[in-house]
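FYI, the numbering for the sequence shown is 3 to 268, going by my numbering.
Worth flagging that the hints you see were computed from the coordinates, not collected in a lab.
Glycine included, every Cβ here is placed at the ideal spot set by N, Cα and C.
Mixed in with the good hints, there may be bad ones.
Said to hold, decoys possible - Pair ranges (Cβ atoms, derived):
id : residue 1 : residue 2 : range
1  : V167      : A134      : 50 to 58 Å
2  : L166      : R225      : 52 to 60 Å
3  : P94       : N114      : 15 to 23 Å
4  : W200      : L71       : 36 to 44 Å
5  : Y238      : V197      : 55 to 63 Å
What the hints assert, rightly or not - Simulated pairs of lysine-lysine, DSSO-like, Cα-Cα distance not exceeding 27 Å:
id : residue 1 : residue 2
6  : K230      : K196
7  : K163      : K118
8  : K31       : K118
9  : K31       : K14
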Amino acid sequence: MASQSPLSALGKACTTASNHLDPHTRRFKSDCDAQTFCSSALNGTCVPRQCRREEFPLGYNMNQIPPALCPVGSFCPDEGDACRPLVAVGQPSDYHNFGGSVCLHSVCTHANVTEKEPCIFELSTYSGIDPAGMGFKETIARDNCQTAQFFCDTATRVCGKLRLVGQQCQYHRDCQSYNCLQSTCASPPEEPLKVALWQYGATTLAAVLAMAAVCFMLIAMHRRHRLKHYLDIRNYCDEQTRLRQSAFGLRSQRQTLGARNLVKSR
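All chains should be built: construct the whole structure from the sequences, respecting the hints.
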C-alpha cells in the first residue's frame, strides 16, 4: 500500500483567525494547505487532517492515502480536524456541513417551508473563466423551502411553486428543471430529445422520396445503358449489311465483265 508523502505545510506556524471561505469558490481557506489544519487559535501549527468529506479530496495525489471518511451520524468540518456529531437545527454550521437539510447564513436549517410561507435564502456568487478566456460569474440561490416543490422568491421572501419550462426566472433554483437561461426556465441538459409526430412523418416521407429517386436514377441509367448497347449492335448490323451488299455488287459486276469478255473472244 502506498504511503502518504511529506506535507509541505506540516509544522508551519498558523492561526485559526485566518480561516475563511474563498468568496469565489466557497472553498475553505487557512494558513495551512489542503492536507493539514491549524491546531489552535494562538501559536498553532499545521498538523495532518483527521477526516475528509469527499471520496476523492482536493490536494491528494493518487499515491497518497487521504484521511478516513466520517461514519454515519457525524460529519467532517471544513478544517478536517476530527469527525463531529451532526449539528442540531438552529445551531451554527459550516457552509457544506449540516445536520438538517441546508446551511443558510451559517445556521443549520430544515428545508421544510411550504407555499406562501416566509422563507430564508442565501445567494452565493462564484466566478471563473470560460473556455474562451473570458471571466464570468454564477449566482446560486439556496433556501429553506421544500426541495423539488417550492423556491424562495427573493423579492417577496415567500415560498412559491417551482416554475415550468418557458416561465420567467431569476436563478436556477426557481425552475423545476434547475436550468434558468436568459431569465427563462429551459429544459434540463440531460432531458432526452422529444421528436414530434410531424417530424417522424417528414423523416419517413424524405426517406421514401430518397429511395424513389435512387430507384428512378438506377432505372434511367439502366435504360440509357441498354439504349447505347442497342445502338451499337444496330450500327454494327447496318455496317455488316452494307459490306455484304457491296460484296454482292462487286461479284455481280465481276460476273457481268466475265460474260462480256467471253462473248468477245468468240
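Verification of the hints:
Remark: the range hint 50 to 58 Å for V167 to A134 is contradicted by a beta-carbon distance near 28 Å. The hinted range of 52 to 60 Å is satisfied by L166 and R225, whose Cβ atoms lie roughly 59 Å apart. Between P94 and N114 the C-beta distance comes to about 20 Å, which sits within the given range of 15 to 23 Å. One distance hint, 36 to 44 Å for the beta-carbon pair W200 and L71, is violated here, with the actual separation near 53 Å.
Distance hint for Y238 and V197: a CB-CB separation of about 58 Å, consistent with the stated range 55 to 63 Å. Distance check on the hinted pair: K230 and K196 sit about 51 Å apart at the alpha-carbon level, beyond 27 Å; violated. The hinted pair formed by K163 and K118 meets the criterion: a straight-line CA distance of about 9 Å does not exceed 27 Å. Between the alpha carbons of K31 and K118 the distance comes to roughly 38 Å, so the proposed pair goes past 27 Å and is violated.
Between K31 and K14 the alpha-carbon distance is near 15 Å, which keeps this suggested pair within the 27 Å criterion.
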